[in-house]
Amino acid sequence: MENLIQSLTERVKQAASNNTPLAIHGGNSKSFYGGAIRGDALDLRAYTGIIDYEPKELVLTVRAGTPLQEIETALEAAGQMLPFEPPYYADTATIGGTVATGLSGPRRPYTGAVRDFVLGTRIINGKGEDLSFGGRVIKNVAGYDVSRLMTGAMGTLGVLLDISFKVLPKPTDEITLRFEMDEATAIQRFNEWAGKPLPISATSWHQGVAMVRLSGAAAGVKAAREKLGGEAVADAQAFWRDLRDHRAPFFEDAEPLRRLSVPSTTSPLSLDLPQWIEWGGALRWVKGAADVKVLREKIASVGGHATLFRHGDKSVGVFHPLAPVLAKIHVNLKAAFDPDNILNPGRMDNFS
Amino acid sequence: MQTNLADWIKDTPEGREADSILRKCVHCGFCLATCPTYNLLGDELDSPRGRIYLMKQMLEGEAVTEKTQLHLDRCLTCRSCESTCPSGVQYGRLVDIGRELVEKKVGRSVAEGTQRGVLKRALPRTGLFSAALALGRIMKPVLPKALAAKIPVKRTPGAWPAPRHARNMLVLQGCVQPAIDPDINAATARVLDRVGVSLIAVPSAGCCGSLPQHLGDAEAAHVLIKRNIDAWWTYIEAGAEAVVVTASGCGTMVAEYGHALRNDPVYAAKAAKISALFRDVSQVVAAEQERLSPLLRASTPPSRVAFHSPCTLQHGLKIRGVVEGLLRDAGFELTAVPDGHLCCGSAGTYSILQPELSKQLRGNKIAALTSGSPAVIASANVACMAHLESGLDGKVPVRHWIEMLDEQLAAS
Amino acid sequence: MNAGLLADFSRITPALNVITDHERLRPFETDAFISHRAVPMCAILPEDETQVAAILASCSARGVPVVTRGAGTGISGGAIPSEDGVLLVLTRMNHIGKVDHQARTATVGPGVRNLAVSDAAAAHNLFYAPDPSSQLICSIGGNVAENSGGVHCLKYGLTTHNVLQVRLVLSGGESMTLGSRALDAAGYDLMAVVTGSEGMLGLVTEVVVKLTPVPEHVETLLAAFPSVTDAANAVGRIIGAGVVPAALEMMDKMVIEACEKFMSAGFPLDAEALLLIELDGVREEVADQLVRVEQVLNDCHAQEIRRAKSDAEREKLWKARKGAFAALATIRPDYYTIDGTIPRRCLPDVLARYTQLAEEYRMLVANVFHAGDGNLHPCIFYDATVPGEMERSEELGGKMLEICVEVGGTITGEHGVGVEKLRQMCVQFREAELATFHAIKAAFDPAGILNPGKGVPSLKRCAEWGGMHVREGKMPRADIPRF
Ligand SMILES: Cc1cc2nc3c(=O)[nH]c(=O)nc-3n(C[C@H](O)[C@H](O)[C@H](O)COP(=O)(O)OP(=O)(O)OC[C@H]3O[C@@H](n4cnc5c(N)ncnc54)[C@H](O)[C@@H]3O)c2cc1C
Ligand code: SF4
Ligand code: SF4
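Chains as they are written, first to last, in the working numbering: chain A, 20 to 371; chain B, 211 to 622; chain C, 4 to 486.
Keep in mind that the hints were calculated from the coordinates and are not lab data. Please note: incorrect hints may appear among the correct ones.
[As the list claims (entries may be wrong)] Examples of chain C residues toward chain A, derived with CB under 10 Å:
id : residue
1  : Gly100
2  : Ala126
3  : Asn150
4  : Leu181
5  : Pro218
6  : Tyr364
7  : Cys407
8  : Glu409
9  : Gly411
10 : Val422
11 : Glu436
[To be verified] DSSO-like, lysine-lysine: derived pairs with alpha carbons at most 30 Å apart:
id : chain 1 : residue 1 : chain 2 : residue 2
12 : B       : Lys234    : C       : Lys158
13 : B       : Lys528    : B       : Lys234
14 : C       : Lys101    : B       : Lys234
15 : C       : Lys158    : A       : Lys185
16 : B       : Lys528    : C       : Lys402
17 : B       : Lys234    : C       : Lys256
18 : C       : Lys319    : B       : Lys234
19 : A       : Lys215    : C       : Lys101
20 : A       : Lys189    : A       : Lys241
21 : A       : Lys241    : C       : Lys312
22 : A       : Lys146    : C       : Lys312
23 : B       : Lys483    : B       : Lys436
24 : A       : Lys317    : A       : Lys347
25 : C       : Lys402    : C       : Lys319
26 : B       : Lys528    : C       : Lys463
27 : B       : Lys314    : B       : Lys220
28 : C       : Lys402    : A       : Lys215
Using N, Cα and C, we set each Cβ at its ideal position, and we do this for glycine too.
All chains, full assembly: derive it from the sequences and hints.
What follows is the structure, encoded as structure tokens:
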């Protein structure tokens, strides 16, 4: 593997000296997401495998090209999980792409996002330097938190090589409850419930139906179920998986899909577009044509941000534009890590 | 903290004591959280750790000015910081030493000096308290207003049972209390009489000495302490079990007699004995609780009470929860008092010398005490009681808790 | 004092509290890392963000260093002033704004005390989870700057997991909002970079924290062990059993005795090591975990297991734990606390090596630490009045940290680098990594005036110190040029 790293760093160095952009990729499961892809492909799939996994430590270290499936299988065998319930979008998903896009699944509001569980990274920066930050321990405040900065940076700051995660025991029992209620009631209930010590691990609302997943020890789940009411859903696993990976019919047409990240208590947005709510109200997927400017303003006014997630016209920018002071820091950081702008240029399109 | 005391103080008894206290402080800052002046002003210099540092500088021989003096003046000596400090730093002792040295090094302006001088001399003399008020006119504008507001309706003392028991204890009369509420000690005498203890007040004893002590005049304090010891000594030799104090402010002083006169060739041993015999009235009553409880419970449970635990009781004497327990046992319902560890702003002469801060603290304290809508506010120190009353405009009565037990007993 | 600067300050607002005299400046010369001190040129206690921004603008225009101070409880010297600089003390910016119980957030000033946030949220049955032992007084601004952890961070996370949004003022005086009240924000995760940046990137002037529901049920266990190794084994086994306790703390004999002496916590004095374990959550879940944990404790030779029977009893146990450091101060006048983190499986081995090192150096070392996180806090005792003792304690501490790096851990789990661990930074990081840190700083603070000289050593200093990079047992790379 050290040879492989050597050749990867060489390629980055070369690209830097020739000023030719590189398009970093793993399983291409999330290539639809983010700004346009440009440059020579830099395939990470050969850099694969679990480096270190000791269940007692709750720490896992893997190579970026490792398929997500392989990792989840290994964790499952030890009764553990990646707590952020990573979306696959396609079976080919690798852990590197998962971290680079920074996307998390239904469990996110209740246990944390991918950035919350990344402990350390080894990367190649735009100068071809092999660097390590953070570590394989749960607490670490030596130096700036570069590993979390890498998370969600869309590969624009460095090529991810190794990543260490904190993992958690997988809850032994799970049950999903179904309620019929309107949007406003669902948002209110989700927030009320989140303020109580209940073992909620996922929430969803779509077309008048709210779904709530409870996870934990059998007795705790049972007690919470009695408190909440609702009706138990059979085969709920498939439901959450389809939501996580956007395999439900709502997500499967070619309409522009927008990801609206808002404070969870934001009242119904009344956008007149088909909608699916997740994350206790904090994530609202909407579908269909919209005036981007008006939409962004509206979402910003409630304290959130809007992303064009899939399909649609990327020419007006995928990500929410940044305030000028913030954009300046982004430009500075990009220059610090990748002075020649060769790593995934344009994939993070809201500041350059 | 590492220290390096200056030659002029290093080898004196005060120097050695201050050094050992300073060495214990690890500069962790925990004490800031519960310091009333830091809470109000948000400045390290008005916090225990800041004051400790200012004193350390002075002791290490750095120039000291009225700036240090101001921050030490603003300290209430409430000793909340001591309760919080996990390293056992005896801040109260240190600030006594620090203040005396600052007083010597910096001095006072004429006006300030006069005001403090009068307070020191006039208040301690029993009977002269009201005369001090008259005198106060020359110290306008601060003194008359502040003190006038502090004079509540004078309560007439009830009967003091004649000594009839074999067990007897002495009680400190003090200087301010007899002028404001002479019934507190009488009530104590009646309660103790019911459980077989006679309480004796010796007329020639008076002020405990804390007033001059906290104004940085240890010498004047020592004179008063010795006078009290002389007044009590024959009774102690005759077998008085304890020296009971009903004002926790005075109690902290009596508890320190031994320390204050530890270097006095004549009085050291006697002073230590007095401190050993000292009891706050709550400790005495709690010790007799078994006999008292049935008597108290014989009458109907009275009203809701908010208890204001004086700093001298909870931080100075470290007596916590005892009075509350006695009141509850007697059937009173105690209302919740947020931030119970904070000072009410009375703090000896503080309400006169730092009127602004004192008033803010009083306002906060009254808000906290009344938040649970009590029918009565109970306390354990006459100065706090008078101070609170002056801010309450009669909205809620303020009583010494022993008077409430006394009434309860009388009713049963 | 720089006259031009003073004139600038007086123009901001006449009421600005600027301290310039030596007498009043000295109490600000150090934080809780008292072996190092420096008296600043002046100290200012601003009241709001506008004042902070104006002060920073004139300081950067004049190239004057600025050090920020919260409550001054840092133990790596992060708030120790620059002699030629301004100290900004944010303790007066202690306003608790909106506590939004629906959204479970609180908006607070940087000077608000950590515990005051939980107090403010208590009425809604919510609390602010990160609870450093200094929570009574340390400020939220300081917590963000240090990414502080606490005894409950094994389950509830560090500051970085519990802060949603911060207002940051850059050295040039520009203000901005990082993060958001939503669960993520557009762009790079700058919140993560600023959290734990030790005041070197910008000044935090407002923080929106996440509040957590108070758990329905809590169980606190005290387990006594005949040896440190047994206790250390139990730590790994508990987690191996699928239980993530809310807290999992360990103390050795010396700490037990000090706590007992000063706080009468009721700790068993015949034990060599104690574990303090807290389980919380839904009642039934906790009951289930309790059974599993007790089983592990018995298997690991616990000589005594006690369960706190009331909230009062629980509070007493935690008070003793949180006051442990201060209580230790009574053993010897001065002590030095290390903060390395190691993979949990190395606990028994590393603790044994520490004991051996302590013997070699003939110094007393006590251990009280966040065992669940593998975050060690050996306390080295010395007497500063004995010449050379302080230096020896620092040398011993340095060795202990190098062991942490060697086994794959880090030199600081929660206390930060400050001025204290600059040398060890050269051990943990290579030149190119340190250069990356410097570049990040420059991206935020091009003038380089914020907390200069702290947190990240200059490459030159590492070279002077010998730049011994020993990460994971590897010796310094020969291929990296030194200068
Ligand atoms: C007895 C004791 C126990 C402790 N226990 C723990 C523990 O369990 N866990 C733990 O993590 N820490 C612990 N600490 C360390 C310390 O309390 C924390 O680091 C705390 O977060 C510091 O907060 P502070 O307000 O005191 O910050 P300060 O000490 O004043 O400052 C710390 C650093 O933050 C910077 N800073 C402060 N405020 C701001 C701001 N608003 N904007 C930008 N930068 C700022 C300063 O420049 C400095 O670099 C302990 C300390 C003591 C003394
Ligand atoms: S005695 Fe009271 S006012 Fe004085 S420093 Fe201590 S806590 Fe503050
Ligand atoms: S709490 Fe005690 S040790 Fe800590 S700073 Fe205050 S006085 Fe010093």
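We went through each hint and held it up to the structure:
1. For the restraint placing C/Gly100 at the interface with chain A, the shortest Cβ-Cβ distance is roughly 15 Å, beyond the 10 Å limit, so the hint is violated.
2. The interface hint given for C/Ala126 is violated, since its Cβ lies 12 Å from the closest Cβ of chain A, which is over the 10 Å cut-off.
3. Of the supplied interface hints, the one on C/Asn150 holds, with its beta-carbon coming within about 5 Å of a beta-carbon of chain A, less than 10 Å.
4. Of the supplied interface hints, the one on C/Leu181 holds, with its beta-carbon coming within about 8 Å of a beta-carbon of chain A, less than 10 Å.
5. A hinted interface residue such as C/Pro218 counts as satisfied when its beta carbon comes closer than 10 Å to some beta carbon of chain A; here the least separation is about 5 Å, so the hint holds.
6. Because the closest C-beta pair between C/Tyr364 and chain A is about 24 Å apart, greater than 10 Å, the hint is violated.
7. The interface hint given for C/Cys407 holds, since its Cβ lies 9 Å from the closest Cβ of chain A, which is under the 10 Å cut-off.
8. Checking C/Glu409 against chain A by beta carbon gives a least distance of about 12 Å; that is not within 10 Å, so the hint is violated.
9. Evaluation of the C/Gly411 hint against chain A yields a held restraint, the C-beta minimum of about 5 Å falling below 10 Å.
10. Annotation: interface hint on C/Val422 violated; nearest CB of chain A at approximately 14 Å, more than 10 Å.
11. The interface hint given for C/Glu436 holds, since its Cβ lies 5 Å from the closest Cβ of chain A, which is under the 10 Å cut-off.
12. For the suggested pair B/Lys234 and C/Lys158, the alpha carbons sit about 35 Å apart, so the restraint of at most 30 Å is broken.
13. At most 30 Å may separate the alpha-carbon atoms for a hinted pair to count; B/Lys528 and B/Lys234 meet this at roughly 20 Å.
14. For the suggested pair C/Lys101 and B/Lys234, the alpha carbons sit about 40 Å apart, so the restraint of at most 30 Å is broken.
15. About 11 Å separates the Cα atoms of C/Lys158 and A/Lys185, which keeps this hinted pair within 30 Å; it holds.
16. A threshold of 30 Å between alpha carbons decides the hint, and for B/Lys528 with C/Lys402 the separation of about 43 Å lies outside it, so the pair is violated.
17. This hinted pair checks out: B/Lys234 and C/Lys256 have alpha carbons roughly 21 Å apart, not beyond 30 Å.
18. Of the supplied pair hints, the one linking C/Lys319 and B/Lys234 holds, its CA atoms being roughly 23 Å apart against a limit of 30 Å.
19. Our distance criterion of 30 Å between C-alpha atoms is met by A/Lys215 and C/Lys101, whose separation comes to about 19 Å.
20. For the hint linking A/Lys189 to A/Lys241, the alpha-carbon distance of about 17 Å falls within 30 Å, and the restraint holds.
21. Our distance criterion of 30 Å between C-alpha atoms is met by A/Lys241 and C/Lys312, whose separation comes to about 26 Å.
22. A hinted pair counts as satisfied when its Cα atoms are at most 30 Å apart, and A/Lys146 with C/Lys312 does not qualify at roughly 60 Å.
23. Using a Cα cut-off of 30 Å, the hinted pair B/Lys483 and B/Lys436 holds, with the two alpha carbons roughly 13 Å apart.
24. A threshold of 30 Å between alpha carbons decides the hint, and for A/Lys317 with A/Lys347 the separation of about 24 Å falls inside it, so the pair holds.
25. In summary, the hint linking C/Lys402 to C/Lys319 is not supported, as the alpha carbons are separated by about 35 Å, beyond the 30 Å threshold.
26. Proposed proximity of B/Lys528 and C/Lys463 is contradicted: the alpha carbons are some 55 Å apart, above 30 Å.
27. Between B/Lys314 and B/Lys220, the direct Cα distance comes to roughly 17 Å. Compliance with the 30 Å bound is thereby established for this hinted pair.
28. Restraint check for C/Lys402 and A/Lys215: not satisfied, since their Cα atoms lie roughly 46 Å apart, outside the 30 Å limit.
Going down the numbered hints, you'll see the structure goes against 1, 2, 6, 8, 10, 12, 14, 16, 22, 25, 26 and 28, while the others check out.
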